[in-house]
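Dock chain X against the given chain W, drawing on the hints supplied.
Residue numbers (our numbering), protein chains in the order written: chain W, 1 to 300; chain X, 1 to 388.
What you were told as hints is all true, and nothing was included just to trick you.
Using C-beta positions, here's what the derived DEER-type ranges look like:
| no. | chain 1 | residue 1 | chain 2 | residue 2 | range |
| --- | --- | --- | --- | --- | --- |
| 1 | W | A235 | X | A378 | 31 to 41 Å |
| 2 | W | A235 | X | W8 | 57 to 67 Å |
| 3 | W | Q253 | X | L371 | 30 to 40 Å |
| 4 | X | L373 | W | Q253 | 35 to 45 Å |
Computed far set for chain W versus chain X, every beta-carbon distance over 10 Å:
| no. | residue |
| --- | --- |
| 5 | G25 |
| 6 | Q44 |
| 7 | D52 |
| 8 | H56 |
| 9 | G122 |
| 10 | R136 |
| 11 | H162 |
| 12 | Q168 |
| 13 | L172 |
| 14 | L265 |
| 15 | R291 |
| 16 | V293 |
I should point out that these hints are in silico values taken from the structure, not numbers from a laboratory. What you are looking at is a predicted structure, and each value in this text was computed from that prediction instead of being measured. Each residue gets a CB set at the ideal place from its N, CA and C atoms; glycine is no exception.
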Amino acid sequence: MDLLDPLTLARTRDLAWLSRHIAAGVMLGAQHSRRRGAGLEFQQYRSYQPGDAINHIDWKLFARSDRHYVREAEQESQMHVCFVLDASASMAQPSFAIPELTKLQFGKCWIATLCWLLQAQGDRCSLLVLSDADLRRVPAGQGEAHHHRIALELQRSRAAGHWPGPEQLQPLWSQFDNNCQVVLVSDFFERGQEISDFATRLHAAGRPCLPLQLLVEAEETFPFEGELRVRDPEAASGSSPVREMDARSQRAQYQQAFARAQRSLAAGFAGRESPLTSVQIERPLADAVQRFVQLHSRIA
Amino acid sequence: MSWLPWSWQSPQWLWLLLALLIPLLIHLLQRSAPREITFAAAHWLQRRQPQSWKRLQLRDIGLLCLRLLLLALLSALLATPLLEKRDQTGALLLVDPAVARGELDSFTEARGPFAQVLWLQPRPQPVASTDPRGYDSWNSLSTLATEPRYRRAHILLHRDTASGYRALDYSPHWQWHTAGITESGATGNPPATPSIAIIGEAPAWLAPALQQLADTGTARLEPQALADPGQLDPEEFDWLLYSRPGPLPEAVQAFVRSGGLLISDDSVTTGQTVDFVPLVDDGGPTRAAAALGRGSWLRYRDSWQDQSFYRRARLPQQLWQQWSRQDWPLQSEQQPRWPAGEPPGRPVADSEVATAAREPLQQPLLLALLLMLLAERALTLSRRRVDG
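Bound-form chain W, shown alone:
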């Protein structure tokens, strides 16, 4: 499903509108998805089917019609989804095919789209944009106005610095209240284990952390030729951020090392029962949303 080409995605500034547009495409043919079931607000009767609880049968209607009907009401969602967006400098990595499109821009639009789908479903959303240079926070809420607020906050965020340290994260833990699912959007390029530790700690606290990894195609293939000066946006302090190398001689080794790291990352999340969704930002965004939703059907 290619509703939007990546260049439009990179150039459109109105995230709220863009996310609604993409969400409309994602949910095409799957409207009226509000859940029905037991609740206070009546929605419809339906015929009794084996397996339905007996106490859901409307006995008065049975007396009138001599048939068993089950009373259904709109189910109220109790879900709160907290989006955590990594805004470290590596997220500013542009695509080599579409230089206007960065991982951060893709991530912002992806979050806004999923957020719109969730609010249409009646769920609550909150947002955390994390980097040691810029911390942004939108508390939980629902409705279109809240979606607008999240979109605005996403729009303002910039990629810089590193993943925040434990001291900066400490006051944020209260954000993750009881019925909270965390969607962690990052490239998972970490200096040590800081992002993985963050996910592990959430998992340990009983908050499912659903990861979305954003990659640039060239990060998987390393298609460069000739001599290169490579600048590492998140180079460790003390080491030179720029190094020179011959691309061809590095390629095979890089591809092996990168694949190994990816396998290790995916295995870590699989062990915590929250499989990793890895997407290339050059691919259609709607596909990335659908893949994520299908993988974590608990949200949809």
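Just chain X, lined up with the frame of chain W:
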């Protein structure tokens, strides 16, 4: 660059080949400054310095070669190469119409086979299907010398084919043959010896002079004395030495008009007015000449019985030269014929017939240029896409 199978119509554009230095320089300069990229996954790259000798290697050799080729093609296209078109149909023989069928057959048997045998005429026709027409072979040769198709033909001439009135244009690639004559360069019969009649008393110096000419091998003249001018037959005699003083008989005048050469001194007169023209002094006896009909009258100004006439060291040679030079048919007959392989005249160089014999290569070159341009663009854009 004649060794190449093509030549250039505008070779000055070949200076454009110097532009090949431009992409070479660009690639060299680019090599000295490696491209810088921001790469978030640099963490997984190995920390090792590139080997220093690798810095000397050119990047994108394929692209560089493509660009060099593109420029070379462009300059070649502007210089307009002309491909030499070789006629592969086989040996072609042009036959002088004066050559008899029998001579032609024996020649083709000895030298053949020939893919085509054509009459030597401005528009050559096959010998097998057409009869020869009386064309001037000299003119035909000059016409065909510039025809690309006949540039490498064999030419078979009759030994008596006369020379023309203008310089012969010929192809240096022609192979000359003469019918009925071996290829050793013989040009025909030895020079004909004129037959001489004498009327009147022969001068005393004549016999020793003729003897000396015979001894030196110049000519063996055997004069025949005639008593009656009525016996003069133009078919039989070429020269007449007439030494009877007085008016010229009518029979002698008739002999001269029908092509004979009359030689006399000033004792012979004529009733008519004859326009004698004094001839250039060549060291021999002084003389004048007049044209009578198809022949001529050579008359010495003094009596040839005088000592001043015959007391000369080189009298026999001088007389032979004066007499034979005055005999026009003899002159014509003694003109040298075309020696095989060394025709007189002007060779027509290949460059003068280039336009028709060469085929321009522009269309295939243009096509190649466009394909190269597309390939270069595709390669460059793919590199840009990869490198960012």
